[in-house]
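Chemist: Modelling step: build the complete structure from the supplied sequences, incorporating the hints.
Same order as they appear, the protein sequences are chains A and B.
Per full-length UniProt numbering: the first sequence ends with 222, consecutive numbering throughout.
Per full-length UniProt numbering: the second sequence ends with 222, consecutive numbering throughout.
The hints are simulated quantities; they were obtained by calculation from the structure and are not laboratory data.
These numbers come from a predicted model, not from an experiment.
Warning: the hint list may mix true and false statements.
What the simulated footprint calls covered on chain B by chain A, stretch by stretch (three residues with Cβ under 8 Å from a Cβ of chain A suffice, anywhere in the stretch; the number is not a length) [said to hold, decoys possible]:
1) 107 to 118
2) 183 to 192
Calculated from the model, a selection of chain B residues having no Cβ within reach of chain A, i.e. all distances over 12 Å [said to hold, decoys possible]:
3) Gly10
4) Ala48
5) Ala52
6) Gly53
7) Asp68
8) Asp71
9) Pro78
10) Ala83
11) Gly121
12) Leu152
13) Ala208
14) Asn210
15) Asp222
Virtual Cβ for every residue (Gly too), placed ideally from N, Cα, C.
Protein chains: 2
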Amino acid sequence: MRIALLGGTGDIGEGLAVRWGRDTDHELLVGSRDPEKARAAAESYVAAVADAGGDATVKGFDNAMAADRADVVVLAVPPYHVADTVEAVESTLDADDVVVTPAAGMKREDDGFHYHPPSAGSVTALVRDAVPDEVPVVGAFHNLAAGRLADLSQELGIDTLVVADDDDAAATVSRLAEEIEGLRALSAGGLSNAAEVESLTPLLINVATNNDDLHDLGVRFD
Amino acid sequence: MRIALLGGTGDIGEGLAVRWGRDTDHELLVGSRDPEKARAAAESYVAAVADAGGDATVKGFDNAMAADRADVVVLAVPPYHVADTVEAVESTLDADDVVVTPAAGMKREDDGFHYHPPSAGSVTALVRDAVPDEVPVVGAFHNLAAGRLADLSQELGIDTLVVADDDDAAATVSRLAEEIEGLRALSAGGLSNAAEVESLTPLLINVATNNDDLHDLGVRFD
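Modeler: In structure tokens, the structure reads:
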């Protein structure tokens with residue numbers, strides 16, 4: 001399978017790229033507004049996977065070209081770049097693609113991080129509104145600490161929550177998630193349940209901030 | 001220590017009563033609007049703990065009398081009864097007491113449970129507004145499945161999140177939480193971080209609903 005990581009030079013893109021690079025045979029397409037940066041990142045991910053004894057196929061492109069070549073398109077961009085990133089790649093998407101959104105809207109305030117969704121109700125809902133109707137959208141990978149994901153020496157043993165209205169798309173993304181060693185995918189229902197999933201991201205940061213010896217936290221449902 | 005469980009005839013009250021009853025020597029005061037119901041519940045909790053080989057001290061009172069006798073007052077009532085419960089016991093509270101709120105505002109909709117806080121921003125904030133200023137308020141025990149808590153044959157191995165602006169009160173409640181076998185207390189910061197903690201409650205229900213073999217879910221931060 002071909003997976004595009006748009007904004008894949010960022011930290012969550014890096015984490016997913018090196019995990020899938022090490023643990024699967026999927027072809028990974030790092031997208032960026034600057035294809036030079038994407039190619040440099042792709043090279044560094046291949047090197048990181050090689051250091052961990054793996055052999056990854058990772059290439060760099062501009063976002064639209066990455067999306068065009070991919071079966072699954074991950075919007076690994078900050079919430080405020082979701083809309084323009086979708087706009088840049090929209091014409092390359094069709095009903096056979098799956099768009100995945102891992103971003104959570106939040107705001108850093110003096111007392112902690114707070115959930116701060118866009119007016120659509122969640123970043124996932126914003127993506128659903130922005131992507132052409134026939135293209136399935138899946139929310140996933142919100143609650144993974146990017147630094148831990150990117151550090152292949154760290155074990156995961158955590159869960160990721162998947163929200164989707166399209167069962168096939170949800171199954172595809174859950175399978176991709178579970179191909180990452182130590183990651184379990186759990187459904188949290190339809191896209192309308194995304195806000196509660198995204199709210200977990202600021203909570204994880206608040207918990208990490210307020211407890212010694214806890215950082216790069218993930219969550220396990222049990 | 002004396003712990004009042006206001007609305008303690010309900011399921012979260014039952015769960016906390018039997019766990020503390022089995023695992024600690026604290027005196028537990030079940031409160032209800034109807035003291036008869038409170039006494040009946042107290043008897044059944046003593047019996048449940050005895051069945052598990054323990055010896056609990058649990059007594060039933062009306063809410064105000066339970067609160068008056070207690071050092072720690074847990075508002076184990078549904079969100080829409082928080083305000084009138086506080087009003088009923090307010091005159092019994094002073095700066096040496098700690099009020100604990102485990103309720104989360106949520107709404108069941110066709111597609112799942114959604115976080116639905118009161119206009120104060122969270123149930124915790126509503127409690128803070130309702131309780132006299134000098135009485136410390138702590139949010140805790142939001143994310144415990146009541147059925148699992150009440151079933152002493154089930155192991156926990158989960159976390160509870162604590163929010164508070166008063167460090168001593170937070171420490172008291174965290175200690176009480178960790179006296180329950182298999183429960184770890186983690187700080188999520190100040191009271192203003194309560195909404196993200198409360199949001200986890202509908203999320204847990206959505207995850208339990210959408211995955212086979214997962215029910216009465218708790219969460220572990222790792």
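Chemist: The structure should be examined with respect to each hint, and the outcome stated for every one.
Modeler: Evaluated hints:
As drawn, the region 107 to 118 of chain B meets chain A at 6 residues by the rule of a beta-carbon pair under 8 Å; at three or more, the given contact holds. Beta-carbon proximity to chain A at under 8 Å applies to 6 residues in the region 183 to 192 of chain B; the threshold of 3 is reached and the given coverage holds. Chain A leaves B/Gly10 outside its interface by the beta-carbon criterion, the shortest separation being 23 Å against a cut-off of 12 Å. Residue-level check passed: B/Ala48 sits 23 Å from the nearest beta carbon of chain A, beyond 12 Å.
Consistency note on B/Ala52: stated as away from chain A, and its beta-carbon is indeed over 12 Å from all of that chain's, at 21 Å minimum. With 12 Å as the threshold on Cβ separation, the claim that B/Gly53 sits away from chain A holds: the shortest Cβ distance comes to roughly 25 Å. At the 12 Å boundary, the C-beta of B/Asp68 stays outside the reach of chain A, the nearest C-beta of that chain being 33 Å off. Every C-beta of chain A lies more than 12 Å from that of B/Asp71, the closest at about 24 Å, which supports listing it as non-interface.
Every C-beta of chain A lies more than 12 Å from that of B/Pro78, the closest at about 19 Å, which supports listing it as non-interface. No Cβ of chain A approaches the Cβ of B/Ala83 within 12 Å, the least distance being about 24 Å, so the stated non-interface status holds. Not every C-beta of chain A lies more than 12 Å from that of B/Gly121, the closest at about 10 Å, which undercuts listing it as non-interface. Non-interface status of B/Leu152 relative to chain A is upheld: no Cβ of that chain comes within 12 Å, the nearest being about 18 Å off.
Distance to chain A contradicts B/Ala208 as a non-interface residue, since its nearest Cβ pair spans about 8 Å, not more than 12 Å. With a cut of 12 Å on Cβ distances, B/Asn210 falls inside the contact zone with chain A, its closest approach being about 4 Å. Distance to chain A contradicts B/Asp222 as a non-interface residue, since its nearest Cβ pair spans about 6 Å, not more than 12 Å.
Hint compliance for this structure: hints 11, 13, 14 and 15 are not met, and every other hint is.
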